Amino acid sequence: MKTKLLRSLAIACLGAGLGAWGGCASPPEWERANAQRLEAAESEGLNAIAPERKARRWTGGVTAVASDRPGIPNMGLQLPRVSPDGRWIAFLDADSESPRVLPDALVSGRGLGGVSLWVRGVEEEGLAQNVAVAHAAWPAWSSDASTLVFISHDPRTGCALGLHEVATGQTDRLAVGLRKMLTPAVSPDNQRVAVSGYGQIADQALLFIIDRDSGETTPGPQPTLGGAQLMPHWLDRETLIFVELDDNGGGLMRWTVGSPQAEPIAPLQLPESVFDAIHLHAGVPSPVSADGRYFTYYAVGSDQMIWIDMDTGDALALNPGDRAGTWWNEQWFLVANDQQLELTAAPQPLGATGEPSAEQEPEQERPRMNLLPGRWVPLWADATQQSMLLVGQSDRPDRFRLLQLWVITQ
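7 is the number of the first residue of the sequence shown in this note's numbering; add one for each residue after it.
No lab work stands behind these hints, which were simulated from the structure alone. Predicted, not measured: the structure shown is a model, and the values here were computed from it. Just so you know, even glycine gets a beta-carbon here, dropped at the ideal spot from N, CA and C. One or more hints might be untrue.
Label pairs and their computed distance ranges (CB to CB) [claimed, not checked]:
1. E129 x A181: 33 to 39 angstroms
2. A140 x A173: 20 to 26 angstroms
3. R116 x D317: 38 to 44 angstroms
4. P403 x P373: 18 to 24 angstroms
5. S308 x G183: 37 to 43 angstroms
6. T230 x E130: 43 to 49 angstroms
Using the sequences plus the hints, can you model the full thing?
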C-alpha cells in the first residue's frame, strides 16, 4: 500500500540522555527500513524544513516520520486495541441503522446488539476479520498477540468470554457463570484470563480468574477496601495488580493467585463509581512500565497523568492537561494533551499521598521532546521498533484517523 508522508520533524538532542532514550539497538531489518524511510522523507519534502531544523536533525537529534494508515471506525465507545507486536488492530463497529450506543453499555451490557468486533492488519484496508457480529465489548490482546479476548453480552445466551485465535480465525465463547463481566486481561502464558464480574450491581464487581481451557472460574481475593475490584493487569504468570474502589477514592492492589488477600500498594485519586473508574485507562494502552516498576493512570480530579512507583508507593505527576499516554521505554513516556504529542522524562516523587507537594520539581524544567502537534491518543509504542501508532480526529465524526510514527535517532 502506498503511504503518504505527512510530516518530518527535527528535534534537538537532549545531551547525554539521548542515548538512553533510543532504547535497545534496532535489529538490522529495522535499521534498513528506517534508512529507507529517511531517504523517502528527503525525496518527499524534508528539504522544505527550515535549514536550522534540518541541520539539528543530522547532528545527533531525532527525526519523526509519519504515515497515514487506513482509518478506523469511531463509535465513541472504546478506543481500538493494537496487538503487542504492532501488527494487528482490533476495533468495534456498528451498523449505520443501529441505535446510538450509550457509554454506560460497557457496564450494563445493554444496547450492544448492533456492536461488532473486527481485527485487521495495521496497514491493511478492507481485509478485516469479523470476530463477533454483535454484543461485543472490551477487546484485549494476549502478550504474544496470538489471541484476542473480548466480552460478549448476548442476552439470549448470557454473558460470555470470547476467545479469537488470529492465525486460524476461530472464535470460541466460554459461558463461565458470571452475569456481567468487565476489563479482561490475559495472563502472560495465555492460559488464564482475569475479569471483573458481578450480578446486577456494577459497584459490587469482584475479581475472577478464568481458565481458558476448562472454563473453570475461580474467585479472586477478598475485598480489602470494600469496593469494586477493576482493571486487572498481569505482572507475571502468578501475580497481578488491580484497582479497588472505596469512598475515599480507592487504591492499587497487588495479588498472587491463590492468596486469600491482596496487598495494598498505594492510594489512588479515583472516582467512586465503576462507570467513571473504567475510563482511567481509556487513553493508557500500557499502564505498567517496561521494567514493571510504574503504574500509570489518568486522575480526573487533577486532570493529569499520575504514575505510581510500585516499589515505594510514591506518586509522580505529569502536567495538568496530560490526559493520555504510554511507555516508550524505561526512561521516557509518550504523553498527549490538547496541543501536542511529546516524550517526557520521569518527574520527581510527590509522596505516597498522591497529592502534589511544594517541593515537586516544576514540570517545565523536566526534559520534554515535542514529536507532533495536534490532538493524538497513542494506541501502541515500541522503542525497539522505533515506532508508535496514534489515533486522532478525521474529517468524519464516525472515523478515527490512524497514524504511524517512526521515531529515528541519529
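- request: Of all the hints given earlier, name the ones this structure violates by number, lowest first.
  value: 4
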